[in-house]
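Turn these sequences into a full structure, and let the hints steer you where they fit.
First to last, the sequence lines map onto chains A and B.
Going letter by letter, the first sequence gives residues 1 to 111 in my numbering.
Going letter by letter, the second sequence gives residues 1 to 111 in my numbering.
The set of hints was computed from the structure by calculation and includes no laboratory data.
Note that the coordinates shown come from a computational prediction; the quantities given were computed from them, not determined experimentally.
Be careful, since some hints might not be right.
Stated by the list, open to error - If you want the ones that stay clear, here's a sample from chain A, every Cβ over 12 Å from chain B, calculated:
| no. | residue |
| --- | --- |
| 1 | V12 |
| 2 | K18 |
| 3 | G28 |
| 4 | V52 |
| 5 | N53 |
| 6 | E63 |
| 7 | R82 |
| 8 | P83 |
| 9 | H85 |
| 10 | Q88 |
| 11 | V110 |
As the list claims (entries may be wrong) - Quick list of in silico lysine-lysine cross-link-like pairs, DSSO-like style, CA-CA up to 27 Å:
| no. | chain 1 | residue 1 | chain 2 | residue 2 |
| --- | --- | --- | --- | --- |
| 12 | B | K42 | A | K57 |
| 13 | B | K37 | A | K31 |
| 14 | B | K42 | A | K31 |
Claimed, not checked - Among chain A residues calculated to face chain B with C-beta under 7 Å, some are:
| no. | residue |
| --- | --- |
| 15 | M27 |
| 16 | G40 |
| 17 | E42 |
| 18 | N98 |
| 19 | E99 |
| 20 | Q100 |
| 21 | F102 |
| 22 | P104 |
Ideal Cβ positions, reconstructed from N, Cα and C, are used throughout, including at glycine.
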Amino acid sequence: EADIYQTPRYLVIGTGKKITLECSQTMGHDKMYWYQQDPGMELHLIHYSYGVNSTEKGDLSSESTVSRIRTEHFPLTLESARPSHTSQYLCASSPVGNEQFFGPGTRLTVL
Amino acid sequence: GENVEQHPSTLSVQEGDSAVIKCTYSDSASNYFPWYKQELGKRPQLIIDIRSNVGEKKDQRIAVTLNKTAKHFSLHITETQPEDSAVYFCAAIGGTGKLIFGQGTTLQVKP
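Shown next, in the form of structure tokens:
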């Protein structure tokens, strides 16, 4: 079934660790996005990509990086996690028609 | 810059009453306006959208209206039910092709 998948769904790690949040979509979409969201609050765009080898920073300053080597895969990496990174991270993708489909999210807690 | 303002931030109604959420946008070139519903602990999901060549769109108990001259659009939910309780986000496509989200409205429907 065409969908967006995120792993892990929950992650608890210590300060200073390097982590990668995975996002894959089987919908064939060119555009992909990463959002940071505290529960029930605003969606903050942190990175986006309009295709392979294309990545841009979003509106929220972030210490994370992304890569887009394959159309279906858009991982987010934090080189050194801090307690301020504790949040939910949502991946999304969209076709040319602009509707965005969201993944289930990764809840990150940094101790 | 591109901006979407959403009001109110919280809304409480009695079951069976109507609920209205309003958004204004800044980019006059915006031509796509989706609404997302996010239930507690779930991913945002599209519930209705409208394009700039249409003034109103309806789907059962929900409707969206668009006033391009005034640059605002609204979500109307009639005959509200407890399962309508959620956070609702409006959005507008910006000049860069990114979706710009509003701040969100927490709707509580009291039985």
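Evaluated hints:
no., hint, result
1, V12, "17 Å, holds"
2, K18, "26 Å, holds"
3, G28, "18 Å, holds"
4, V52, "17 Å, holds"
5, N53, "17 Å, holds"
6, E63, "21 Å, holds"
7, R82, "24 Å, holds"
8, P83, "22 Å, holds"
9, H85, "20 Å, holds"
10, Q88, "9 Å, violated"
11, V110, "20 Å, holds"
12, B:K42 / A:K57, "25 Å, holds"
13, B:K37 / A:K31, "21 Å, holds"
14, B:K42 / A:K31, "22 Å, holds"
15, M27, "14 Å, violated"
16, G40, "5 Å, holds"
17, E42, "5 Å, holds"
18, N98, "5 Å, holds"
19, E99, "6 Å, holds"
20, Q100, "6 Å, holds"
21, F102, "4 Å, holds"
22, P104, "5 Å, holds"
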